[in-house]
Amino acid sequence: MSSLLKIAASGIVVLLIGGVGPSQSYAADAVPRAELLASMCSTCHGTNGKGAKPMPGINGEEPDDFIDLMQAFANGEEPTSIMDRHAQGYTEAELKLLAEYFSKQ
Amino acid sequence: MKAYDRRDFLKVIGAAGAVTGFGSLVWPMEALAAASGKVVVVGGGFGGATCARYLKRWGPKLDVTLVERDTSYITCPFSNEVLAGNLEMSKITHGYGNIAAQGIDVVHDEVTAIDAGGKSISLKYGGSMKFDKLVVSPGIAFRWGAIENDQVAVQQAMPHSWKAGEQTLLLRKQLQAMRDGGTVIIVPPKKPFRCPPGPYERASLIAHYLKSNKPKSKILIVDANPTHSKQAAFHEGWKKEYGTMIEWIKDTDGGVITSADPGAMTLRNDFGDEYKGDVINLIPYQKAGELVETAGLTNKDGWCTVNMGTFESAEASDVHIIGDACVAGAMPKSGHSAASQAKNCAAAIVSMLAGDTPPEPTYANTCYSLIGPRYGISVAAVYRLKDGVIVKVSGGVSKVGNKDRVHKNEAKYARGWYRSITSDTFG
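Listed in order, the protein sequences are those of chains D and V. Counted the way our numbering counts, the first sequence spans residues 1 to 105. Counted the way our numbering counts, the second sequence spans residues 1001 to 1427.
It is possible that part of the hints are untrue.
As the list claims (entries may be wrong) - With a straight-line Cα cutoff of 25 Å, these simulated BS3-like cross-link-like pairs (lysine-lysine) come out:
id, chain 1, residue 1, chain 2, residue 2
1, V, Lys-1403, V, Lys-1211
2, D, Lys-96, V, Lys-1386
3, V, Lys-1250, V, Lys-1191
4, V, Lys-1412, D, Lys-50
5, V, Lys-1038, V, Lys-1124
6, V, Lys-1190, V, Lys-1218
7, V, Lys-1240, V, Lys-1403
8, V, Lys-1408, D, Lys-50
9, V, Lys-1091, D, Lys-53
10, V, Lys-1240, V, Lys-1250
11, V, Lys-1408, D, Lys-53
12, V, Lys-1399, D, Lys-53
13, D, Lys-96, V, Lys-1392
14, V, Lys-1412, V, Lys-1240
15, V, Lys-1403, D, Lys-53
16, D, Lys-53, V, Lys-1412
17, V, Lys-1061, D, Lys-104
18, V, Lys-1211, V, Lys-1173
19, V, Lys-1091, D, Lys-50
In case anyone wonders, no lab produced these hints; they're calculated from the structure.
Please build the complete structure, drawing on both the sequences and the hints.
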């Protein structure tokens, strides 16, 4: 590494420790929360939610339909062997993130 | 003076973020999005293999190496089906070819030591390997001596079959050779242990085999614990499918086995009572895998204390421990839990190496057990991090009184779960 770069690097460290600079990050997250949340579903519903028979694919759904079904599972309106126990674990904001994510897969 | 290129620059950013451990680096977008560095993952089970794959997915520029001793992995899930003769071993054996094809360097070697301070590991055959971040997913080891003679007994006479492979086939052979009217004894270890419902699913599937092949036989579960996983659902299923064939003896009713005599095929409990079996499955008490114990990464109970958000070891920075070996609050020691932890760990590492804050963790576990090939039950839960501890926020066990159709569906879903998780883990 060049000496100039070393200085640059230590400058970054100082900047961090000092907390200098805009407080709000304007960049995209390295790993968006929707990615991590959705990866929890993929374990049963296939990578990217593409299904693993008889587990249904959950990709390509209309976001509103996705949210509606998850909420129906959660409140017992829609019969299910297991999805009520999962759906009850997520907030409405999280269901929205998941719905948007899977609609694009 | 050499002009630095973008790649070097990103490395510096990544290193600065990792060293300081500070949350959000304020820097242009392309720098933040690109994590770089060398991540070594040790152990190619559900935890390690999933972690390697998701590290590469979320950090495509990362140099990811998976170190695994064996060239294929035999899953514990569905090994009870192999044991009962319903499935061949090849159906639960997975290679690492698809992981390598994803651009992950798969090295088949054994890690002999971890130098956390020097950021390197030693390999049995391949010298040493440096890392910026290390993920260890070592699984379990047995706590020999918790039951007198356990280590000798499990070799041949009383196989544990708790790491799927030769031991699974050994127990299967013994079950097939047993006379009708014989007694099979299953000894679950004292909690905590890998796969909490495993011994009870095993009893169920052995009962299924015996019912049609050796119907006069009996199964005793001699249990060192006061309660067991999915208890009500299992007991309902046993009664319905197998009548009185399976008997569960809890700790205070004489279930605490203290010694084994492999020659006489007997077990003795803490009251001094003796149990004689024709086939005995002795599952030893457990602790975290030897590698983390040797490296000084275990607590006084033999498990690994970690930051439950990032899975970084409490004992060594930049070393993350996932899966059965770690203490993960309310999560059970299951393959699904390990995969869930692996994804949270991968997200945390990619974020840290990009100088970003890891996303808020979320964890899930789904675990099916078969009471018969067409009778499934499940436990499922969603977890969150609260005050540094993983707590359950929703979930539960299949209801007692479910219709046969629900049981049949859960057995189908169990197989779907297996196909899905193994493809998410091994590609």
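How the hints compare with the structure:
Distance check on the hinted pair: Lys-1403(V) and Lys-1211(V) sit about 22 Å apart at the alpha-carbon level, within 25 Å; holds. About 22 Å separates the Cα atoms of Lys-96(D) and Lys-1386(V), which keeps this hinted pair within 25 Å; it holds. Among the hinted pairs, Lys-1250(V) with Lys-1191(V) is consistent with the structure: their alpha-carbon atoms are about 13 Å apart, no more than 25 Å. Restraint check for Lys-1412(V) and Lys-50(D): the C-alpha separation of about 18 Å stays at or below 25 Å, so the hint holds.
A hinted pair counts as satisfied when its Cα atoms are at most 25 Å apart, and Lys-1038(V) with Lys-1124(V) qualifies at roughly 20 Å. Only pairs whose Cα atoms come within 25 Å are accepted, and Lys-1190(V) paired with Lys-1218(V) is accepted, the gap being roughly 23 Å. A C-alpha spacing of about 12 Å is found between Lys-1240(V) and Lys-1403(V), which places the hinted pair at or below 25 Å, so the restraint holds. The straight-line distance between the Cα atoms of Lys-1408(V) and Lys-50(D) is roughly 23 Å, inside the 25 Å bound, and the hint therefore holds.
With a C-alpha separation of about 17 Å, the suggested pair Lys-1091(V) and Lys-53(D) falls inside the 25 Å cut-off, and the hint holds. For the suggested pair Lys-1240(V) and Lys-1250(V), the alpha carbons sit about 21 Å apart, so the restraint of at most 25 Å is met. Note on Lys-1408(V) and Lys-53(D): the hinted pairing holds, with a Cα-Cα distance of about 15 Å set against a maximum of 25 Å. Taking the CA atoms of Lys-1399(V) and Lys-53(D), the gap is near 24 Å; set against the 25 Å cutoff, the hint holds.
Taking the CA atoms of Lys-96(D) and Lys-1392(V), the gap is near 21 Å; set against the 25 Å cutoff, the hint holds. Using a Cα cut-off of 25 Å, the hinted pair Lys-1412(V) and Lys-1240(V) holds, with the two alpha carbons roughly 19 Å apart. Note on Lys-1403(V) and Lys-53(D): the hinted pairing holds, with a Cα-Cα distance of about 22 Å set against a maximum of 25 Å. For the hint linking Lys-53(D) to Lys-1412(V), the alpha-carbon distance of about 9 Å falls within 25 Å, and the restraint holds.
Proposed proximity of Lys-1061(V) and Lys-104(D) is supported: the alpha carbons are some 24 Å apart, at most 25 Å. At most 25 Å may separate the alpha-carbon atoms for a hinted pair to count; Lys-1211(V) and Lys-1173(V) meet this at roughly 17 Å. Taking the CA atoms of Lys-1091(V) and Lys-50(D), the gap is near 22 Å; set against the 25 Å cutoff, the hint holds.
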